[in-house]
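Kindly generate the complete structure, drawing on both the sequences and the hints.
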Amino acid sequence: MGKAEGSSTEGGLHARQSHGARSLLYDVRSGSWGGFRVGRGRAKMSYLTRICRKKCSQSSICILLLALLLLATGHSSALRSQEPAKGPETAPGTLPAETPAAPPLDGREGRQLLLESFRPQPMLRVKQTLLKHASVPAIDIHTHLRFKIKQTAQQLDDWVATMDRENIALAVSLDATLGPTLDEHLAFLKPHSDRFVVFAHIDWKGPGGKDDDPASWDCQREDFAKRVARDLKAAKEQGIAGLKIFKDFGLTYKGPDGKHLKIDDPRWDEIWSTCGQLGLPVIMHVADPAAFFQPIDEKNERWEELSRHKDWSFYGPEHPKREDLLAAMLRVIEKHRQTTFIGAHVASNSEDLTTVSQWLDKHPNLYVEIASRISELGRQPFTARKFFVRYQDRILLGTDGPWPEERLHAYWRFLETDDEYFSYSEKPFPPQGLWQIYGVSLPQEVLKKIYADNALKLIPAARDKYAKQAERLLKLHPPVAIPPVVVPPPMATPPVVPAASAPATPGPATPGPASPAPIAPVKPAPATAAPAVPAAGSK
76 MGKAEGSSTE
86 GGLHARQSHG
96 ARSLLYDVRS
106 GSWGGFRVGR
116 GRAKMSYLTR
126 ICRKKCSQSS
136 ICILLLALLL
146 LATGHSSALR
156 SQEPAKGPET
166 APGTLPAETP
176 AAPPLDGREG
186 RQLLLESFRP
196 QPMLRVKQTL
206 LKHASVPAID
216 IHTHLRFKIK
226 QTAQQLDDWV
236 ATMDRENIAL
246 AVSLDATLGP
256 TLDEHLAFLK
266 PHSDRFVVFA
276 HIDWKGPGGK
286 DDDPASWDCQ
296 REDFAKRVAR
306 DLKAAKEQGI
316 AGLKIFKDFG
326 LTYKGPDGKH
336 LKIDDPRWDE
346 IWSTCGQLGL
356 PVIMHVADPA
366 AFFQPIDEKN
376 ERWEELSRHK
386 DWSFYGPEHP
396 KREDLLAAML
406 RVIEKHRQTT
416 FIGAHVASNS
426 EDLTTVSQWL
436 DKHPNLYVEI
446 ASRISELGRQ
456 PFTARKFFVR
466 YQDRILLGTD
476 GPWPEERLHA
486 YWRFLETDDE
496 YFSYSEKPFP
506 PQGLWQIYGV
516 SLPQEVLKKI
526 YADNALKLIP
536 AARDKYAKQA
546 ERLLKLHPPV
556 AIPPVVVPPP
566 MATPPVVPAA
576 SAPATPGPAT
586 PGPASPAPIA
596 PVKPAPATAA
606 PAVPAAGSK
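Under this note's numbering, the residues of the sequence shown are numbered 76 to 614, in order.
Just so you know, these hints were derived from the structure itself, not from any lab. This structure is a prediction, so every number in the text was calculated from the model and none was measured. Heads up, some of the hints might be wrong.
[What the hints assert, rightly or not] Subject to a maximum C-alpha distance of 27 Å in a straight line, what follows is the list of computed DSS-like cross-link-like pairs (lysine-lysine):
#1 Lys334 / Lys322
#2 Lys385 / Lys285
#3 Lys532 / Lys265
#4 Lys280 / Lys329
#5 Lys540 / Lys523
#6 Lys437 / Lys322
#7 Lys540 / Lys502
#8 Lys523 / Lys550
#9 Lys523 / Lys202
#10 Lys265 / Lys385
#11 Lys396 / Lys334
#12 Lys334 / Lys280
#13 Lys410 / Lys374
#14 Lys502 / Lys311
#15 Lys437 / Lys523
#16 Lys322 / Lys280
#17 Lys301 / Lys285
#18 Lys265 / Lys334
#19 Lys311 / Lys532
#20 Lys311 / Lys540
#21 Lys385 / Lys374
#22 Lys410 / Lys207
#23 Lys523 / Lys207
#24 Lys308 / Lys523
#25 Lys532 / Lys550
#26 Lys410 / Lys437
#27 Lys543 / Lys437
#28 Lys280 / Lys337
#29 Lys322 / Lys502
#30 Lys280 / Lys410
#31 Lys410 / Lys308
Following this line, the structure appears as structure tokens:
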């Protein structure tokens with residue numbers, strides 16, 4: 076049954092019975108059901124309605140009762156549309172076969188379109204390079220094998236087969252937990268232990284901690300950091316290669332005083348220093364996209380996403396400020412220079428590569444990975460390409476997988492091609508912003524570092540495993556030469572260019588300084604016209 080509503084119009088009061096995209100209206104003044112209303116159009120009144128109104132002064136009441144009776148007894152099935160499935164990114168509801176569908180929305184009629192119904196189809200005809208695997212045997216530094224699959228042997232086998240097809244030699248699982256449950260995750264991966272490296276995370280609450288009682292959490296005990304340090308040493312003996320810090324610690328977890336726990340609290344210093352002593356890199360996720368910390372209003376560029384996932388919003392005084400979370404991360408990195416830190420999701424700041432560049436310049440113990448951020452990087456391709464080339468020794472591949480293979484193909488296409496305006500996700504509706512992305516066409520030597528060499532530098536335990544798998548995968552996916560790409564020199568702070576003029580086109584690549592200046596916005600040079608390239612498969 077639809078939703079009953081009341082309204083007042085120039086023609087009199089109306090009672091409306093809603094059915095999906097349509098409405099059945101009863102006009103109290105004229106005493107008739109006006110039929111279906113689709114948008115602003117109304118079907119003609121039925122013959123029965125007109126005749127009955129002439130025969131009886133009580134026709135209004137009779138017709139109203141008759142209509143309600145028809146709806147209640149099921150004779151209105153032809154009037155109802157099927158409800159759309161609940162949840163994000165579901166198909167719109169459909170009408171029964173015997174009922175004609177509503178006509179397509181025509182903007183010329185002045186009707187409004189809901190943002191959730193907006194599904195534009197690009198008219199661009201541009202080159203499409205559909206890569207089925209990485210060009211170099213890769214190491215995925217950011218995967219969640221515990222949280223994204225049900226930990227069945229078959230699912231693990233399927234993922235390993237996907238890794239083979241995608242030319243992924245090794246994957247780093249971030250889902251092991253320090254302590255007694257560590258063995259469980261290692262046992263799950265054992266059938267394919269030659270394909271995985273494991274980072275563990277900390278159970279801040281502990282086995283006896285209650286979610287609603289922070290005073291009972293393990294991290295509130297004085298010896299907590301010492302026990303974690305002890306567990307890290309034992310975990311390394313079992314083959315653990317690093318530590319993962321999830322965003323909940325700092326973003327949502329609170330202490331007994333009601334204040335958020337801080338990642339830079341001196342109580343945790345022994346944890347970070349122990350990781351440095353053991354050679355265990357720490358991958359940190361401390362904040363979410365900038366839009367998640369803004370009001371969910373007409374100015375929020377990810378309004379549609381946040382309207383579907385309201386719990387993803389961290390706007391308001393009850394949440395920590397994003398800049399405070401990032402500053403706390405930097406204080407930890409600064410204080411523990413002997414420990415290597417990997418900033419997850421481009422150090423939680425992929426919208427601002429200029430600032431991330433400054434962090435990398437200042438903190439030689441900081442690296443970044445790109446999991447779930449090609450949606451941001453790909454909409455700033457010129458800045459992103461300069462960033463990748465300049466920090467080619469400090470960036471690692473991450474995907475946040477396991478994902479469907481179509482999602483992985485978007486990573487390869489973004490990193491390896493100069494394709495324009497393509498989707499960053501396999502989902503028909505973009506899940507992380509209503510935009511498309513552009514490829515950055517990285518040189519082969521840069522790809523090799525990002526795909527594997529940088530991870531091997533930070534994770535010695537992965538070197539033997541990678542060597543064996545890379546040799547095998549090279550037989551499955553023989554290397555294909557990528558045309559040489561002219562690499563621009565590292566960016567220096569540019570002079571201020573008058574609005575009437577434009578900067579010169581960069582010359583050939585030259586060796587850059589050891590510590591180049593931060594990336595700064597540059598007005599691009601006029602593009603040189605190029606012959607049009609038809610889309611793959613176009614006629």
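Outcome of the hint check:
Of the supplied pair hints, the one linking Lys334 and Lys322 holds, its CA atoms being roughly 16 Å apart against a limit of 27 Å. Of the pairs offered as hints, the one joining Lys385 and Lys285 holds, with about 25 Å between alpha carbons and a cut-off of 27 Å not exceeded. Between Lys532 and Lys265 the CA atoms are separated by roughly 24 Å; this keeps the pair inside 27 Å, and the hint holds. Distance check on the hinted pair: Lys280 and Lys329 sit about 11 Å apart at the alpha-carbon level, within 27 Å; holds.
For the suggested pair Lys540 and Lys523, the alpha carbons sit about 17 Å apart, so the restraint of at most 27 Å is met. As the CA atoms of Lys437 and Lys322 are separated by approximately 23 Å, the hinted pair is consistent with the 27 Å bound. Between Lys540 and Lys502 the alpha-carbon distance is near 33 Å, which puts this suggested pair outside the 27 Å criterion. A C-alpha spacing of about 17 Å is found between Lys523 and Lys550, which places the hinted pair at or below 27 Å, so the restraint holds.
About 24 Å separates the Cα atoms of Lys523 and Lys202, which keeps this hinted pair within 27 Å; it holds. Among the hinted pairs, Lys265 with Lys385 is inconsistent with the structure: their alpha-carbon atoms are about 38 Å apart, more than 27 Å. Proximity of Lys396 to Lys334 is assessed by CA-CA distance (about 13 Å); at most 27 Å being required, the pair is judged to hold. For the hint pairing Lys334 with Lys280, the CA-to-CA distance comes to about 16 Å; that is within 27 Å, so the pair holds.
Pair hint Lys410 plus Lys374 does not hold up; C-alpha atoms about 38 Å apart against a cutoff of 27 Å. Restraint check for Lys502 and Lys311: not satisfied, since their Cα atoms lie roughly 39 Å apart, outside the 27 Å limit. Among the hinted pairs, Lys437 with Lys523 is consistent with the structure: their alpha-carbon atoms are about 25 Å apart, no more than 27 Å. Between Lys322 and Lys280 the CA atoms are separated by roughly 14 Å; this keeps the pair inside 27 Å, and the hint holds.
Taking the CA atoms of Lys301 and Lys285, the gap is about 22 Å. The hint holds against a cut of 27 Å. A distance of roughly 41 Å separates the Cα atoms of Lys265 and Lys334; the hinted pair therefore is violated under the 27 Å criterion. Taking the CA atoms of Lys311 and Lys532, the gap is near 17 Å; set against the 27 Å cutoff, the hint holds. A C-alpha spacing of about 17 Å is found between Lys311 and Lys540, which places the hinted pair at or below 27 Å, so the restraint holds.
A C-alpha spacing of about 16 Å is found between Lys385 and Lys374, which places the hinted pair at or below 27 Å, so the restraint holds. Restraint check: the Cα-Cα separation between Lys410 and Lys207 comes to about 43 Å, which exceeds 27 Å; the hinted pair is violated. Annotation: proposed proximity of Lys523 to Lys207 holds, straight-line Cα distance about 17 Å (limit 27 Å). Proposed proximity of Lys308 and Lys523 is contradicted: the alpha carbons are some 32 Å apart, above 27 Å.
Simply put, Lys532 and Lys550 have alpha-carbon atoms about 24 Å apart, close enough for the 27 Å limit, and the pair holds. Among the hinted pairs, Lys410 with Lys437 is consistent with the structure: their alpha-carbon atoms are about 12 Å apart, no more than 27 Å. Distance check on the hinted pair: Lys543 and Lys437 sit about 36 Å apart at the alpha-carbon level, beyond 27 Å; violated. The suggested pairing of Lys280 with Lys337 holds, with an alpha-carbon distance near 15 Å, which does not exceed 27 Å.
Under the criterion of a C-alpha separation no larger than 27 Å, the hint pairing Lys322 with Lys502 is consistent with the structure, at around 25 Å. This hinted pair checks out: Lys280 and Lys410 have alpha carbons roughly 25 Å apart, not beyond 27 Å. A distance of roughly 21 Å separates the Cα atoms of Lys410 and Lys308; the hinted pair therefore holds under the 27 Å criterion.
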